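Student: As they're listed, the protein sequences go chains A and B.
Quick note on numbering: the first sequence equals residues 341 to 556 in my numbering.
Quick note on numbering: the second sequence equals residues 341 to 556 in my numbering.
Each hint should be verified, as a subset may be incorrect.
Copies of one chain are not kept apart here, so a pair can be met inside one copy or by any two copies together.
To be verified - With a cut-off of at most 30 Å between alpha-carbon atoms, the simulated DSSO-like pairs for lysine-lysine come out as follows:
1) K495 <-> K521
2) K343 <-> K371
3) K343 <-> K469
4) K383 <-> K521
5) K495 <-> K342
6) K342 <-> K459
7) K469 <-> K400
8) K459 <-> K495
9) K371 <-> K400
10) K521 <-> K459
11) K383 <-> K400
Quick caveat, the hints were computed from the structure, so don't treat them as lab data.
Here the structure is a predicted model, which is why all the values come from computation and not from measurement.
There are 2 protein chains.
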Amino acid sequence: MKKVAIILSGCGVYDGSEIHEATLAMLALSKNEVEYDCFAPDKEQYHVVNHLTGEVADEKRNVLVESARISRGSISAIDKLNVSDYCGLLLPGGFGAAKNLSDFAINGDNYSVDEDVAKVIVEFHQARKPIAALCIAPVILAKVLGARVTIGNDKATADMLTGVGATHVNKEYNEVAIDEKNLIVTNPCYMLADNIYQVSLGAEAAVGAMLGLMKK
Amino acid sequence: MKKVAIILSGCGVYDGSEIHEATLAMLALSKNEVEYDCFAPDKEQYHVVNHLTGEVADEKRNVLVESARISRGSISAIDKLNVSDYCGLLLPGGFGAAKNLSDFAINGDNYSVDEDVAKVIVEFHQARKPIAALCIAPVILAKVLGARVTIGNDKATADMLTGVGATHVNKEYNEVAIDEKNLIVTNPCYMLADNIYQVSLGAEAAVGAMLGLMKK
């Protein structure tokens, strides 16, 4: 049975993984009879956002511990990820991708990617295994691999990606950008989707394209 | 457009709403072009569980604030719920339903239901609007309405429900128990489902049956 590794970045759109995107990516995998294991960096979150008020809370939370909420407790630290156990990698969106897995939300065009996350991405890439990223998570692949990706159609964000050597292509919520050379699949999800059903269509399209690349 | 109220109980299976069940119930509504608003009690959680270790953490979190993670910030305190704005009510599962919305997980057959939650359920019931509950959340409807429900096939739990005057019927992960007299729909979700795809089938079946009852 095929198995995909998922990198989570916390639990909640404003300071972690976007919950719907992560859940619906898991659903799309499960529907296709693909298993998955979850991973996350074992480190403190950049910050904690009160999702009711939108304000930064005076709290500390750990990315791995909070990510475990989305994966129902079944999760490992990202430095335990053995690329040979998986046939693909998937990164859901949410600000956690831009605050915990990278610092894109903080440093803009001067951004960098968490070292352990970058290492895993390079390993999947070198092993010629496909990588899918949703919503804002493609900024990570843009930086690490200089890939051809979409984050929807926001010009300011797209310009920052071309600034780090990536290629940006505009896509709608139900479309995927496929970089066949680098085996990268990206979809805008909540960057453009108006509702959760549209997000499910994006996640399904991304997972479908990723599985297609696995066959090559 | 039809609109359903969803009662959340935190964010995470061990101390709040089960994230997949809540998300997939929202997806099933959205797929059927039904809108939803989320509500939760504005009170401290019974406790906080570290979902990585399963241990109780020395922390305090608020049910409404944590529930806002699942609803992407759009949520209101349950005492603001106006039943006339909605054509149905939905309660996802997770231990939050048995720790924060009721004390079923703590007090077993001597359990009680949060007063604000019970009030809302009675109002929907009196207005002849259907109520759906997933996983362990049917225990709440069993106590408040003495309804005919399923929590799957666990005999010890089922016996506690008959003990408070409800009727229990065994159902599989993809089946719903329908109480036509009380307009109650229940499905076991993760009480029986082996994977997230099976949970999505349960949530879809429950939402479908709920919409069917709305037409009567």
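Student: A separate judgement is required for each hint: does it hold in the structure or not?
Tutor: Hints and how they fare:
1. In this assembly of identical chains, the alpha carbons of K495 and K521 lie at most 30 Å apart only when taken from the same copy (24 Å versus 55 Å across copies).
2. For the identical chains of this complex, K343 and K371 are neighbours both inside a copy (13 Å) and across copies (28 Å), given an alpha-carbon limit of 30 Å.
3. With identical chains, the CA atoms of K343 and K469 are at most 30 Å apart within one copy only, with a shortest distance of 12 Å there and 43 Å across copies.
4. For a Cα distance limit of 30 Å, the shortest separation of K383 from K521 qualifies neither inside one copy, at 33 Å, nor across copies, at 52 Å.
5. For the identical chains of this complex, K495 and K342 are neighbours neither inside a copy (36 Å) nor across copies (36 Å), given an alpha-carbon limit of 30 Å.
6. With identical chains, the CA atoms of K342 and K459 are at most 30 Å apart within one copy only, with a shortest distance of 22 Å there and 48 Å across copies.
7. Within a single copy, K469 and K400 get their C-alpha atoms no closer than 35 Å, and across copies no closer than 42 Å, so neither meets the 30 Å cut-off.
8. Proximity of K459 to K495 under the C-alpha cut-off of 30 Å is restricted to the intra-copy arrangement: shortest distance 28 Å within a copy versus 49 Å between copies.
9. Neither within a single protomer nor between protomers do K371 and K400 lie at most 30 Å apart by alpha-carbon distance, with minima of 36 Å and 37 Å respectively.
10. In this homomeric assembly, K521 and K459 come within 30 Å of each other (Cα to Cα) only inside a single copy, at 19 Å, whereas the closest approach across copies is 59 Å.
11. Proximity of K383 and K400 under a CA criterion of 30 Å is satisfied in both settings, with 10 Å inside one chain copy and 21 Å between copies.
In the structure shown, a violation is registered for the earlier hints numbered 4, 5, 7, 9, in ascending order.
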